[in-house]
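Chains A, B, C and D, in that order, are what the protein sequence lines are.
Here the first sequence stands for residues 1 to 286, numbered as in the numbering used here.
Here the second sequence stands for residues 1 to 286, numbered as in the numbering used here.
Here the third sequence stands for residues 1 to 286, numbered as in the numbering used here.
Here the fourth sequence stands for residues 1 to 286, numbered as in the numbering used here.
Some hints here could point you the wrong way.
Unchecked claim - Okay, derived cross-link-like pairs now, EDC-like style, lysine to aspartate or glutamate, Cα gap no bigger than 16 Å in a straight line:
no., chain 1, residue 1, chain 2, residue 2
1, A, K118, A, E163
2, C, K16, B, D57
3, C, K16, B, D250
Stated by the list, open to error - Cβ-to-Cβ under 7 Å is the rule here; a few derived chain D residues that face chain A:
no., residue
4, K16
5, N32
6, L36
Hints were generated in silico from the structure; no laboratory data involved.
Backbone N, C-alpha and C fix where the C-beta goes; we use that ideal spot for every residue, glycine too.
These are the residues of each chain, in order.
Protein chains: 4
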Amino acid sequence: MTPESAILLIYCPDRKGLVASVTEFLAKNNGNIVSLDQYVDAPKSVFFMRIEWDLTDFAIPKKKVGEYFDTLIGKKFAMNWRLYFSTDTPRMAIYVSKIPHCLFDILARVHTGEWRVKIPLIISNHRDLEPLAEKFAIPYHFVAKTPETKAKSEEREFALLAEHKIDFIVLARYMQILSEKYFENYPNRIINIHHSFLPAFRGAKPYHSAYNRGVKVIGATSHYITPELDEGPIIEQEVVRISHTDSVADLIRKGQDLEKIVLARAIWYHIQHRILVYDNRTVIFS
Amino acid sequence: MTPESAILLIYCPDRKGLVASVTEFLAKNNGNIVSLDQYVDAPKSVFFMRIEWDLTDFAIPKKKVGEYFDTLIGKKFAMNWRLYFSTDTPRMAIYVSKIPHCLFDILARVHTGEWRVKIPLIISNHRDLEPLAEKFAIPYHFVAKTPETKAKSEEREFALLAEHKIDFIVLARYMQILSEKYFENYPNRIINIHHSFLPAFRGAKPYHSAYNRGVKVIGATSHYITPELDEGPIIEQEVVRISHTDSVADLIRKGQDLEKIVLARAIWYHIQHRILVYDNRTVIFS
Amino acid sequence: MTPESAILLIYCPDRKGLVASVTEFLAKNNGNIVSLDQYVDAPKSVFFMRIEWDLTDFAIPKKKVGEYFDTLIGKKFAMNWRLYFSTDTPRMAIYVSKIPHCLFDILARVHTGEWRVKIPLIISNHRDLEPLAEKFAIPYHFVAKTPETKAKSEEREFALLAEHKIDFIVLARYMQILSEKYFENYPNRIINIHHSFLPAFRGAKPYHSAYNRGVKVIGATSHYITPELDEGPIIEQEVVRISHTDSVADLIRKGQDLEKIVLARAIWYHIQHRILVYDNRTVIFS
Amino acid sequence: MTPESAILLIYCPDRKGLVASVTEFLAKNNGNIVSLDQYVDAPKSVFFMRIEWDLTDFAIPKKKVGEYFDTLIGKKFAMNWRLYFSTDTPRMAIYVSKIPHCLFDILARVHTGEWRVKIPLIISNHRDLEPLAEKFAIPYHFVAKTPETKAKSEEREFALLAEHKIDFIVLARYMQILSEKYFENYPNRIINIHHSFLPAFRGAKPYHSAYNRGVKVIGATSHYITPELDEGPIIEQEVVRISHTDSVADLIRKGQDLEKIVLARAIWYHIQHRILVYDNRTVIFS
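Could you put the whole structure together from the sequences, leaning on the hints where they help?
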């Protein structure tokens, strides 16, 4: 049995004594560090840290950890911080359209217990994947989207997300552009998979563009979405070699294997609280 | 001892009987196939082929092979074809500016006999790498380039290329844009290395752009140059993973290892006569 | 609609005129080549070829193709050859134990139509994955195996395979060693996935061995099984980087993504009839 | 200008308060952390750390840093530690036999200033690469080796290493096995490059073995040598895909590019003091 741990994600202006202050706070209160990763963006003089410690013998009660940390450390160093507990299970909404491979892969990982995550609902602008969701007993909400109904549809989606206390959203090949309100409500909490190595081949039909350009490598990119299409902070990328013998259909087939792996890695980092976003770049803590 | 072989590169409109006709021509004249690779671009209905055969017992004299082939096969099928002999040594000019790692890598490969190629001269718009060229006894021509002198400088370069009977040019991090006359004189015979996975990060300072975009993978691309900057047919690409901890200096360091490998592979394919260009894409025969 | 095509896989002693003879046979009978790949193992002087042609206008009736080919070409050159038709659907049996990720991935690909293949049955020495098979309505046969019952259990398995006219078997993390009779009955038709880059870490617990050895790269290998454990001809391999921070659990998690991809590629090559085995090595035609 | 920094490499039994103690020591003495990476081997309960800090305003004089650290921190926690300064230039001896590509690559990196390292001498059991060493004005010592002269030859080598105050040795395809005295004198300071992905294909002729086994991926491994051949702690590995069309000569050509890159990365980690060895595994700090 893994004991319960707490995870702090921190960023603040860099200065001397930051690591010492945080680790001393844990040491004095009998917290055993499970993992620590820190990084300084030297050109911008910003300090980033992820620290995870065992709560078993920790002197401060779980409910008070955030308050004490902020009072004793956070305020002093003007830290932006977030606190997570390993026993909390993140609640993930999945958005899909018609293409099933990413959804299938996510369902497999959740079904086999690879991830500690709950899927209270799937939302889709098509009915195609409803039978698949039913096989795994996950509520599937069809929310049609046309240019006319978009605002109203999104209101319904927000209601569903609120009702199910959704922590973050995964766009598993959801072929709709979300309005800005989404980014305001779920900043750095909407993960998308784009089927190219961004920034190459933004937008629609990247495999066709890759074929026409004659590249020798194709890729996939998972990123947090932002109002600028395919410009959000990149979480993970992977590539595979192709050759002139590969047709567009081959690129799609090979690329889909990339997509599901790259999306899965991003979800893994996210639910492990390993990602900090700063200046449209991600820090991925190890 | 590898016996002398002939290599045919062919492309033409696709139709039935092409492979049969070419291979029958060789079989009838006692040519043993060393390697054969063919490819059909189905959407465009174009046939591509590379065939290499042993000349030892071939019935047609070496000097007559092209003429016979064209008369008996090429004309009939409206083939574009080129004929090479394995015993001919391609003559390569290298263009450099100040950055040495690609030049160093090329000199190493030639010096150690990895490639069958001759380097009659190096041309540069700077004097920095002249001592390195001297170590390997390769004539180094400094040809200054300013916007005013460009036309005149290129005339001098063309004279040098002609004088030394240069077959193809390698831009080993040469930081100058060539005029259109170069493409006319050396179509698909000028290989460039660009330090990004094209089409991402075209133009100047791609490592800085990659850093700012926060990609998780960087790349390098070798391609034949065309009048559109960084838009020529791609020969080879390779990538390497990076992380948020990598500074721009780290990207440059890691990227340089990619650049030299990717450029070397392109040169290898070129001197092995394994590349056909069609519609701004390359067919790389195996 | 893709038209029906025929596929020939050939190997024979190398000599002049092989490609010409085969392609002339197709050309004369109005067969349009869809793809052709040939390879000569020069040290052993063996010729290998895969050729696929459109049957639409082919002069020889489908049922007579094999007979005519053998009479006119095959016998003359002492060819080993096999003939396939693109409209035939291969019948695949899956063997599993308790670990689900490879099975899940295969079911996803079949369910979404990525592969043209039929799964008439799943065989397992455990009941754990039966509910998953039921979700996709695939008959699941529990065949217990103990050292005492092994011979009898295999008899039952052979009966099931015969009854369902199985063409090939996929061991999707099946943790049992098959008897020699399997290799005799299904030579080069049993695909296994091993969770290491063979020949490193043969046998049990390769991730633990990889961890203890401190490698920086782990891999997965798909191969046809032979009587020597983990020594069969390799079809495909892939690797992923790891670091000292990865625990054995991390290796297993990262490795499972490799396993399913590497197994899927092998199945793809197999059902496309792209694999020839010779001297314990595979020729994978492109 | 990068300011001078100090680097501490530490390992010791894991316990609470380690990071706090080390970082507090720096903070109290006005040392600004440039980078910090720590890792706990949980199964073995061992703590590892690399910490680098700016010496500009550090309160303790450079010559006293080690003494103060040991008195105040190291002894208390039973730390194994080593202290380095960024302004010291490591002195590297290169051993070669006849194969030049790794030596060439190292010379290129040193010549172009990629590495902060000095090469006071090259030692070889052949004269072949002496002209190359001369081009770069590096003293080349021919030390013949036969089974009879081995002991005496090694004595001469040790004298040369001592005379030139060598810090570490790089075996750049040196085809001789060193005696145990080498490991005693230079523990974890002799870097070898082996041309396979260890533990596969140990010993001689790994490319031939890889060809015969029919692998689809070849690799290279850099490691510190130990008395057991090819069993030392692995520093870095890399692979490249191959296919059935690649001959042994192709494997050698493709593999040599891996070898030089993988060896160069290992040297880079070593001279950056990023490597700790424990239990025949390496911790590579980022």
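Next item on the list: Hint by hint, work out which the structure violates, then give me just those numbers in ascending order.
Entry: Violated: hint 3 alone.
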